[in-house]
Amino acid sequence: MILKPDAMAHSKPHLASAEQQETLGFAPTLSDNWHSEAIELLGEKVSESRALRVAMDACMKCGACTDKCHYFLGTDDPNNMPVARQDLMRSVYQRHYTFTGKYLPWLVGAKELDEDMLDRWYTYFHQCSQCRRCSVYCPVGIDTSEVSMAGRDILASIGMGQKYVNQIIGKVNSKGNNLGLPGPALADTLLGLEEDVLEETGLPVRFPLDDSSAELLLVAPSADFFAEPHVDGLIGYAKVLHQAGISWTLSTHASEAANFGLFVGSEPHTKTMASRIRDAALQLGVKRLVFGECGHAWRVAQNFLPDWVDLDFLDAAYPRPQHIAEVTHELWKTGRIQFDPSKNAERTVTFHDSCNVARATTLGNTRNGHFTVPRDLLKASCDNFVEMSRATTHQSTFCCGGGGGLLTDELLELRIKGATPRMNALAQVVKEHQVTHMVAMCAICKSQFSTVFPEFDLSFDAVLSLHQVLGDALVMGSVR
Amino acid sequence: MTSAAEHFLLVDEVSLATDEEGYLLRRTDWSRDVAVTMAALDQVELTDSHWEVIQLLQEYYDNYEIAPAIRILTKAVGKKLGKDKANSRYLYQLYPQGPAKQACRYAGLPKPTGCV
Numbered sequence: 068m069i070l071k072p073d074a075m076a077h078s079k080p081h082l083a084s085a086e087q088q089e090t091l092g093f094a095p096t097l098s099d100n101w102h103s104e105a106i107e108l109l110g111e112k113v114s115e116s117r118a119l120r121v122a123m124d125a126c127m128k129c130g131a132c133t134d135k136c137h138y139f140l141g142t143d144d145p146n147n148m149p150v151a152r153q154d155l156m157r158s159v160y161q162r163h164y165t166f167t168g169k170y171l172p173w174l175v176g177a178k179e180l181d182e183d184m185l186d187r188w189y190t191y192f193h194q195c196s197q198c199r200r201c202s203v204y205c206p207v208g209i210d211t212s213e214v215s216m217a218g219r220d221i222l223a224s225i226g227m228g229q230k231y232v233n234q235i236i237g238k239v240n241s242k243g244n245n246l247g248l249p250g251p252a253l254a255d256t257l258l259g260l261e262e263d264v265l266e267e268t269g270l271p272v273r274f275p276l277d278d279s280s281a282e283l284l285l286v287a288p289s290a291d292f293f294a295e296p297h298v299d300g301l302i303g304y305a306k307v308l309h310q311a312g313i314s315w316t317l318s319t320h321a322s323e324a325a326n327f328g329l330f331v332g333s334e335p336h337t338k339t340m341a342s343r344i345r346d347a348a349l350q351l352g353v354k355r356l357v358f359g360e361c362g363h364a365w366r367v368a369q370n371f372l373p374d375w376v377d378l379d380f381l382d383a384a385y386p387r388p389q390h391i392a393e394v395t396h397e398l399w400k401t402g403r404i405q406f407d408p409s410k411n412a413e414r415t416v417t418f419h420d421s422c423n424v425a426r427a428t429t430l431g432n433t434r435n436g437h438f439t440v441p442r443d444l445l446k447a448s449c450d451n452f453v454e455m456s457r458a459t460t461h462q463s464t465f466c467c468g469g470g471g472g473l474l475t476d477e478l479l480e481l482r483i484k485g486a487t488p489r490m491n492a493l494a495q496v497v498k499e500h501q502v503t504h505m506v507a508m509c510a511i512c513k514s515q516f517s518t519v520f521p522e523f524d525l526s527f528d529a530v531l532s533l534h535q536v537l538g539d540a541l542v543m544g545s546v547r
Numbered sequence: 432m433t434s435a436a437e438h439f440l441l442v443d444e445v446s447l448a449t450d451e452e453g454y455l456l457r458r459t460d461w462s463r464d465v466a467v468t469m470a471a472l473d474q475v476e477l478t479d480s481h482w483e484v485i486q487l488l489q490e491y492y493d494n495y496e497i498a499p500a501i502r503i504l505t506k507a508v509g510k511k512l513g514k515d516k517a518n519s520r521y522l523y524q525l526y527p528q529g530p531a532k533q534a535c536r537y538a539g540l541p542k543p544t545g546c547v
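Keeping their order, the protein sequence lines are chains C and W. Take any residue in the first sequence, note its place counting from 1, add 67, and you have its number in this note's numbering. Take any residue in the second sequence, note its place counting from 1, add 431, and you have its number in this note's numbering.
Bear in mind the hints are in silico, worked out from the structure with no lab data behind them. Every value quoted in this text rests on a predicted model; they were computed, and no experiment measured them. A few of these clues could be false.
[Claimed, not checked] Restricting the straight-line Cα-Cα distance to at most 20 Å, the calculated cross-link-like pairs of lysine to any residue (SDA-like) are:
(1) W:K510 with C:E262
(2) W:K542 with C:D476
(3) W:K532 with C:N432
(4) W:K506 with C:L260
(5) W:K511 with C:S84
(6) W:K506 with C:N240
(7) C:K238 with C:P335
(8) W:K542 with C:D277
(9) W:K542 with C:N240
[What the hints assert, rightly or not] Beta-carbon label-pair distances, calculated as ranges:
(10) C:E454 with W:K511: 36 to 46 Å
(11) C:Q495 with W:L456: 40 to 50 Å
(12) C:V207 with W:E452: 37 to 47 Å
(13) C:E454 with W:V467: 48 to 58 Å
(14) C:S279 with W:E483: 49 to 59 Å
(15) W:T478 with C:E522: 18 to 28 Å
(16) W:T478 with C:L258: 29 to 39 Å
(17) W:L512 with C:E454: 38 to 48 Å
(18) C:L258 with W:L512: 17 to 27 Å
(19) C:D476 with W:A448: 15 to 25 Å
(20) W:L456 with C:V453: 44 to 54 Å
For each residue, glycine too, the CB sits at the ideal point set by N, CA and C.
Given only the sequences and the hints, what does the whole structure look like? Please build it.
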């Protein structure tokens, strides 16, 4: 490999407008004091976060992370080596907060946060999808996502937020979801799905909205209402819940599982959005709270939500909150639903572990459940299941290339290049085992793959939702 | 890094404000010539089939303040143009950059946001 320094220096997302900044309580543009504001925020962040302190203090430049980032592997730009990305912040931290950095900056490579460095922060902190693959290989456990999240929060706070992410947080706060899908449109969309499934199965499978008699609130990523293959996953959830006889509902107020506050590293925004979900559950009086197929939503739901808000009103007999894959797995294991794999006979599938599920959460309350639960279900519903290279799955999974708030069109070049490591592994099983579809359980992964697949000679629809495969094989009718 | 005000589309010598990605900022600026101009810049010639989709998007947006979900769009296309066209493969043939985004742009509607 020939390194290409600064090969991706041109790749950066659109800046948020002054209005999009102010809506979220961020400075509209850079003020005259941006430098001191940024340095002060950096100091606060490092003192408040042990993870960030480790990133600033513990790197010994061993090199283990250098070839682990999909964006580095796809772009050859050494600025995308995790250690280099961390150094953007570390060098400034050293300059202002360590003795040697203050007085002998040349000795430790300490650097000033000047305009050029600020531009590099904006550029390269937006070439990290916060997938945490590098942290798996770091002997001291440095997590680059902590660095890029802190960096983006500082940038947003001083007046350099990112348009795509800001816009979406604003829409969740005003409309309840990333799309800005108003309640009547959501209701109309769900009615349409009821018609479709009735036509397909002859069964009155419902997609209830704001039903206060329901036992279970399902919070799906709003892409599940809008896009393909996401919507086929939503249909799968509905079929499973119908067949199991569980009364459930969606919510207008909490019509979004995703939480882009995480991508900016903004705890206040992440909390505000997460609280909508708890408020909806409380208002509807449900006993169970279940999340749909969205990777980082599950990270927020499982890792942070129970610490931030009181979920004691939910039934303690079930995980609080729970993932839809756990619900389906439990129903299948206990014989309340069955699959007929012959329905998927035309498909040969492989499974893409989504980074937030694989490296930040668990499923099914068992060790490695986050790997075995989706695979158990896939194998039960499809006879032709093939694994991709083990170096690219489970804990070592490669990001789809569009995670962490980078799923925006102006970053398409980065997204295609960053998808390359995953696509190489997929190409191998397509060639050797005639894999027809890759299955994912994350809205971002699904959109990213359907966008980049044509660049790799695959059809946009060769990516499937996990619950699409399960729903297609589900034995429906009066078998219960 | 540029701000939105610097972007525009020139249609019949009138400059119309757009965002960085070429979506009209004001829907009232839309005319058929806007769609034709945008398509020409993408080297696309708009056929009746393209116009059907644009019209469906606009009608739905007038009612619901958002572009229709893909299932609603494919179903509506199927009703107008025949069942064999009621699928996203057909829409991707017309709008290879993705039916939701490219067709919304030509229709003068805002870009759908989120994980789509």
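Where does the structure disagree with the numbered hints, that is, which hint numbers, in rising order? Numbers 3, 5, 6, 8 and 14, in rising order.
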